[in-house]
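Asker: Going line by line, the protein sequences match chains F and V. Sequential numbering from 0 applies to the first sequence in numbering that gives the first Met the number 0. Sequential numbering from 0 applies to the second sequence in numbering that gives the first Met the number 0.
Derived by calculation from the structure, the hints in this document are not laboratory data. Only a predicted model underlies this, so the values are computations on that prediction, with no experimental measurement involved. One thing to keep in mind: the hints can contain errors.
When chains are identical, the list treats them as one kind, so a pair holds in a single copy or across two.
What the hints assert, rightly or not - The calculated SDA-like cross-link candidates involving lysine to any residue, where the alpha carbons are at most 25 angstroms apart (straight line), are:
(1) LYS200 with LEU35
(2) LYS200 with GLU278
(3) LYS137 with GLU326
Number of protein chains: 2
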Amino acid sequence: MDDCLLLDAGSGGRASQRLVERCFLRHFDNPLLRRLDDAALLEDMAAPLAVSTDSYTVTPLFFPGGSIGTLAVHGTVNDVSMLGARPRYLSCAFILEEGLPLDILERVARDMAAAAREAGVRIVTGDTKVVPRGACDKLFVNTTGLGVVYANPSPSGRNARVGDAVLVSGTLGDHGLTVLASRENLSFLSDVASDSAPLNKMMEDVIMVAGEVHVLRDPTRGGLATTLNEIAQQSDVSILLDETAIPVSESVKNGCSFLGLDPLYLANEGKCVCILPEERARAALAAMRASPYGARAARIGSVTRGRGGSVVLRTRIGGQRLLGMLEGAQLPRIC
Amino acid sequence: MDDCLLLDAGSGGRASQRLVERCFLRHFDNPLLRRLDDAALLEDMAAPLAVSTDSYTVTPLFFPGGSIGTLAVHGTVNDVSMLGARPRYLSCAFILEEGLPLDILERVARDMAAAAREAGVRIVTGDTKVVPRGACDKLFVNTTGLGVVYANPSPSGRNARVGDAVLVSGTLGDHGLTVLASRENLSFLSDVASDSAPLNKMMEDVIMVAGEVHVLRDPTRGGLATTLNEIAQQSDVSILLDETAIPVSESVKNGCSFLGLDPLYLANEGKCVCILPEERARAALAAMRASPYGARAARIGSVTRGRGGSVVLRTRIGGQRLLGMLEGAQLPRIC
Numbered sequence: 000m001d002d003c004l005l006l007d008a009g010s011g012g013r014a015s016q017r018l019v020e021r022c023f024l025r026h027f028d029n030p031l032l033r034r035l036d037d038a039a040l041l042e043d044m045a046a047p048l049a050v051s052t053d054s055y056t057v058t059p060l061f062f063p064g065g066s067i068g069t070l071a072v073h074g075t076v077n078d079v080s081m082l083g084a085r086p087r088y089l090s091c092a093f094i095l096e097e098g099l100p101l102d103i104l105e106r107v108a109r110d111m112a113a114a115a116r117e118a119g120v121r122i123v124t125g126d127t128k129v130v131p132r133g134a135c136d137k138l139f140v141n142t143t144g145l146g147v148v149y150a151n152p153s154p155s156g157r158n159a160r161v162g163d164a165v166l167v168s169g170t171l172g173d174h175g176l177t178v179l180a181s182r183e184n185l186s187f188l189s190d191v192a193s194d195s196a197p198l199n200k201m202m203e204d205v206i207m208v209a210g211e212v213h214v215l216r217d218p219t220r221g222g223l224a225t226t227l228n229e230i231a232q233q234s235d236v237s238i239l240l241d242e243t244a245i246p247v248s249e250s251v252k253n254g255c256s257f258l259g260l261d262p263l264y265l266a267n268e269g270k271c272v273c274i275l276p277e278e279r280a281r282a283a284l285a286a287m288r289a290s291p292y293g294a295r296a297a298r299i300g301s302v303t304r305g306r307g308g309s310v311v312l313r314t315r316i317g318g319q320r321l322l323g324m325l326e327g328a329q330l331p332r333i334c
Numbered sequence: 000m001d002d003c004l005l006l007d008a009g010s011g012g013r014a015s016q017r018l019v020e021r022c023f024l025r026h027f028d029n030p031l032l033r034r035l036d037d038a039a040l041l042e043d044m045a046a047p048l049a050v051s052t053d054s055y056t057v058t059p060l061f062f063p064g065g066s067i068g069t070l071a072v073h074g075t076v077n078d079v080s081m082l083g084a085r086p087r088y089l090s091c092a093f094i095l096e097e098g099l100p101l102d103i104l105e106r107v108a109r110d111m112a113a114a115a116r117e118a119g120v121r122i123v124t125g126d127t128k129v130v131p132r133g134a135c136d137k138l139f140v141n142t143t144g145l146g147v148v149y150a151n152p153s154p155s156g157r158n159a160r161v162g163d164a165v166l167v168s169g170t171l172g173d174h175g176l177t178v179l180a181s182r183e184n185l186s187f188l189s190d191v192a193s194d195s196a197p198l199n200k201m202m203e204d205v206i207m208v209a210g211e212v213h214v215l216r217d218p219t220r221g222g223l224a225t226t227l228n229e230i231a232q233q234s235d236v237s238i239l240l241d242e243t244a245i246p247v248s249e250s251v252k253n254g255c256s257f258l259g260l261d262p263l264y265l266a267n268e269g270k271c272v273c274i275l276p277e278e279r280a281r282a283a284l285a286a287m288r289a290s291p292y293g294a295r296a297a298r299i300g301s302v303t304r305g306r307g308g309s310v311v312l313r314t315r316i317g318g319q320r321l322l323g324m325l326e327g328a329q330l331p332r333i334c
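Let the sequences and hints guide you as you build the complete structure.
Answerer: Below, the structure is given as structure tokens:
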């Protein structure tokens, strides 16, 4: 009986205390969290700040290359980083289904703790709700991240300018295809793995060497194509991509072609799009490639003049294809 | 078909954009949110900061006196306030079930917007996930709140001192009993209503007039008894309460007595416990009573010497009863 989560662990009473001690304080331990007040007190944050929130509902909870725990840290750390901010603190709120095996919760907490250590962030406040069996599917987690903005001006989806270079920090589609393969037990895809990774250090290096970065975005849900469409709309420009330059691993290419999926619309969890002045592109690319998470960084296109913000792919055989925003849901519960 | 949430609204693509425009930007609109970058940029926050997170899973979604939307703002605003901080910004992350009627989501968003306006906070960043039918029960929402700490030192559960007075800002048990009554359609409880309310302004007034406040806590899950036990443990003191002084409305008293519930263990969503030096108690009480949410504020006991942190109730007939922490789950999904 001690091995599964009971409803009373969400009551706010003694069982909640035991769960917090066993699963969260043990793995996330730090002096700010240990105060266990209603809120955490952060003494050392100076404006401007970046704040970002995401809930994670991915299924399955564990997959090659990561888990809901790594995503919950990397996803939020990356969103904060995309504003040119140094992520420092995370909050963490679980919604758990009655009956969840406690060792699953512990594995998730361990993954979160390890990911937070690598990214250099601390989990300082949290919340746990337990809902009756059937009211949620196993485990959802929300993290909200806080960082100190160091880039000036801060990158924004609104800042792409005609003539800018468009870079991507590595291969596309790995996360989306991996989750699909794990969920459906597609054994012929056994060599794909999620790219779940923290990008904050890479972003600092890129901004430092490039000096001026107009846009940073991580192409998660909806993939590269959707992210670039958002940027094109927000900045009122067009984006021209060179298909042959877009990095996609052989496994993802083969898997997508077999399943009829387009890697440009699949989610990534450890990649960024960087848009910056042409003359800074070479230095930024070198900084990306020096990171363990940027070995296959590439320049994939340019920002061009264009009404209404379209994204155009110059294909391998010289044609042009309009890349729209994702319509419909390619895969639910991908992150 | 336009009236229910489809799975693709969580895809990150065009349907997500439409949902954000229709439900969130419309109701929460402000210049920081409208940037729609991966994170919000806050220019005007100075340390020390308070940060707090809560997920809300209450069922039913609407009940007399409030809704999941009012709770999602009040609960987090109050947690930030309990650190002696002025709440300024909220993040907001929804997990929605496919098929949810969109007018329900809009009602929730409207309630959140109205509650945020009253509390003087802005919703500056968000996230929406849509999960397939059956993977969650209708709608969950997480908010994370950020505030600037003005109290020095900041109140903490660790700061209760022997001799301090214990105050509560009003009647107890209203929220818990109301949710139970709504869920179970208990028509004889038709005159109870949730106390869901923002306490930030009351807390500012109390701290300003009292000067020195040792502990502030909102007795939510687990009720007053559990909250006081936590404080007694954290501060390593005992707390002696006078039963006759504890404010409970007639309706809650009758409902609890009928159902065999103890109002001291029922959740509150618009009340605070305030522990402070005896000589400041009168001024703090007056400040509470001057607030629209503190009319029935009362002094209910004192902090006493005591090993292991026990909470003792001096009963109406002169006996003493040990008030333990909540054991078991009195009511799941209460907030």
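Asker: Could you work out which earlier hints the structure fails to respect and list their numbers in ascending sequence?
Answerer: As far as the earlier hints go, not one is violated by this structure.
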